[in-house]
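Chain by chain, the residues run as shown.
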Amino acid sequence: MSGSSFLELDRLTRSFAGTAAVYELSIDVAEHEIVTLLGPSGCGKTTTLRMIAGFEHPDSGCVVLEGRNITGTPPQKRGFGMVFQHYALFPHLSVGANVSFGLETAGYSKSETRERVASALDLVRLPGIEDRSVGSLSGGQQQRVALARALAPEPRVLLLDEPLSNLDAALREQTRRELRSLVKEIGITTVYVTHDQEEAFDLSDRIAVMRSGRLDQLGPAEELYHRPATDFVATFLGRAGAVDGTVAGPAEGGSVPCALAGPVVWPALLPGSKSAVAEGENVRILARPEALTFVSTGADGALRGRVVDRRFAGSVYVYTVSVGGGELEVQADGEAASPGDDVGVQPRNAPAGIFAFSRAQTAAG
Amino acid sequence: MSTTRQGGRRLGLRARLLVVAVFVVLIWAVVYPNLVVVGESVKGDGAITFGHYAEYFQTPSELRALWSSVWISIATVLLSALIGVPLAFLFARYEFPGRRVLGALAAMPVLLPPLVGVIAILFLYGESGIATRSLQAFLGLEEAPWRLRGAGAILAVHAYSMYVYFYLFTLAGLARLDPAVHEAAASLGAGRFRTLTRVTLPLLTPTMAGAALLTFMTSMASFSAPYVLGGGFRVMTTQIFNSKLQGETSMAMVETVMLAAVSLMVLWPLSRWEGSREYVAPGKGTRAARRPVRSRWATIGVPTIAGLGVVLLLLPHLTLVLVSLVPDGSWTTQTLPPEYSLENYAQLFGDARTFRPIVNSLLMASAATVIAVALALAVGQLVVRWRVKGRGLLEAMLALPWALPGTVLAIALATTFSVNQPWVGRIVLVGTAWILVLAYTLRVLPLTGRAALAGFRQLDPSLEEAAASLGAGAWRTLRRVTIPGLLPAIAVGASLAFVTGLGEFVASIVLYTHRTRPISIEILSQLRDFDLGTAAAYGVLLMVLVAAAFTFGQRWIQGGSEPG
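Read top to bottom, the protein sequences are chains E and B. Residue numbers for the first sequence follow numbering that gives the first Met the number 0, so the first one is 0 and each next one is one higher. Residue numbers for the second sequence follow numbering that gives the first Met the number 0, so the first one is 0 and each next one is one higher.
Be aware that a few hints might be false.
Here are a few chain E residues that face chain B, going by a calculated C-beta distance under 10 Å [stated by the list, open to error]:
| no. | residue |
| --- | --- |
| 1 | 52 |
| 2 | 53 |
| 3 | 86 |
| 4 | 91 |
| 5 | 95 |
| 6 | 105 |
| 7 | 158 |
Note that these hints are calculated values from the structure, not bench results. The structure displayed is predicted, hence computed values, not measured ones. Cβ atoms here follow ideal geometry from the backbone N, Cα and C, with glycine treated the same way.
Start from the sequences and build out the full structure, keeping to the hints where you can.
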């Protein structure tokens, strides 16, 4: 996927007070690509971004830009644009002076600077507000001015640290669409940090899912969703119920038969990195709600369970079903069952949406 | 909004009486004496005259004193900034061994009440001071290498005691800045210097204006340093004192009005500008990272320089302690005192004559603190909770004594309360301890006032509403919710007020009698008798009490503790 690596993070490690915030993290970013660092708070994504920007120095490992090691280059020499979580607009400067700040050392003439500021503000659809004070702007406008300021010096890489987290929900959704089309239009290589899965899906070419300072998986959203490498990725991106199981036969074509309570045998996908599991090994089976369907309790290969909850989710209902060895979620049209009903659950199209993770490597197991 | 209401409820009779009482007391104590001074300054033989002012502006020595006060204050501001600001940057931005301890010690000059600071420096750098004699002996000079006299000496003492304002203000200002702003500048290609000049310093300007204002006002009001070290060099405060001493009453009035006028003329525009822009970091933000000093010379050099600087700042304290252990009369021409004992302390507490000032100061400072806290709480309730009409005036009256130099205040009280005309609110207080208590109360009122107002504003009104909804009456709400909530603020204000009263000198010297003399006056008279050890022991006692009160109250003081 990353044939032409533009920005390369090579085994970055950074500890704070003896605890590794980021450990041996390697990510390649291709030119013009948008890569999102996604993970829960405290996973090391912001530390990683700050190492790319040069605000944090890695304990080991390096940051490489176009084949050149820039690990020791101070932030002001990197030529990376950054948008901060709280925007960090200079409160004592006007909007225009904020946007031109990064142009001052570039040696542009006054009129050239003015033009560039104007076009940067045009780009974020805030033309003609150069003389406004930043304090008079709304949150969304501040966010866009911060983006204009970062983009005005034409940086080689754009870094965004949860730039939408301070906007209200409706504005956030609109802004992220605009952000993607804007970034794609300019074609700038972008690293984006967020803890919001939807935001990552909307914006990214590829997503790097991080947990406890390590990279769990790096790939396009579809790959992460349909072929999660860890049970953490499977549950962090999208919903999944979990039940205990045992490997009941040899793996074949990336999937393996697993025995569940019953005994019922469902084929489940193995994570890409794990090519083989031993027969008889305990596994954790995760299943997407849309990969399961209700059948009659006596049906062949059906897992028996009892509905404990029903949630209305717009066009569909999602049922929580307590089964032997865990709880599954099942998506169904209409009111297929009510809480308290005994039901049978079966995969729609096994092994799609059903994943087996060996107990040894699961996080929550 | 401006009606006297609380939560839609009209104030009761007792509350209305309280409102009236607070206004009357403050106008009588804070405003009225100053008006009396203005009146006296234009009083001719039965008619209003500006003759005294004409005389003032035609007397070269008066204009010289005016100009001296102004330029000394400006120079003090510049010098204090030059020391305090870089020091704050050093401790805020760099990580090095001993940073925490040294950073805390750098604020130590605040522990010395003005007069005590002056005599400590005198013991150290005066003509027969330890440092002076050491250098003289080292270089084999016939005479002392310098004389601690005149403008230079005043300036040195001012810079020593007032850089702390810039140091603490800058530290606080830097802590308030959003570190992401610096990173934003760096990510836009700005180097360290450009970030400093284009981002950090402009953002600190409101903070700097605050520190400059405080330093200027303190310096204008400064009396101890010019009085002890000035020699023939006169500033406005010492000029007023001198005129009063020589019985030139009308001239003293004019000088007092002039000093007040100059102070207010600076205060007004600067404080408005200071309050007009305040930049605060939004939300959480990462904590500002301190740069570890990396290069080899810097790892040794920075802590060494910081350490040496701090030792230099602590030398006066150490000298004071050292001299306090010297029996009176034993130290004559030696570089270092030859004998040490605890007899000065034994005498301080054993001899009724020397113990009297300690009792006086403790009693008068306590009384002033209690009154000032009570008044401040009443004003806080009126201004913040009841939002009474004229609350702006109330706040201004609370702060006015801060704007007026202690000398002005003392002259105003001495003038107003030296005649018995109860029908115009004038009674004889001069000669009693009450005039000192009144002076101390007024001087500390801005401190307790600021603390109480801040306390009331931080106290969520819904707490009181919650108490009411749980069935608590007004009294129980006050006792169980309001007072406990205000306690931290009251503690800070009261401890500051107490130590300020304890070391008060500027107003005391105008108002004391032998019977009511406070510690500061006694220090001065011991010094006159060359009982250096006893004077120093009083100084150490004050220093220890100040330290204890600060530890009790708060880690840092922010604001005018004691212009003097």
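Next on the checklist: Taking the earlier hints as the rules, which of them does this structure contradict?
Outcome noted: 5
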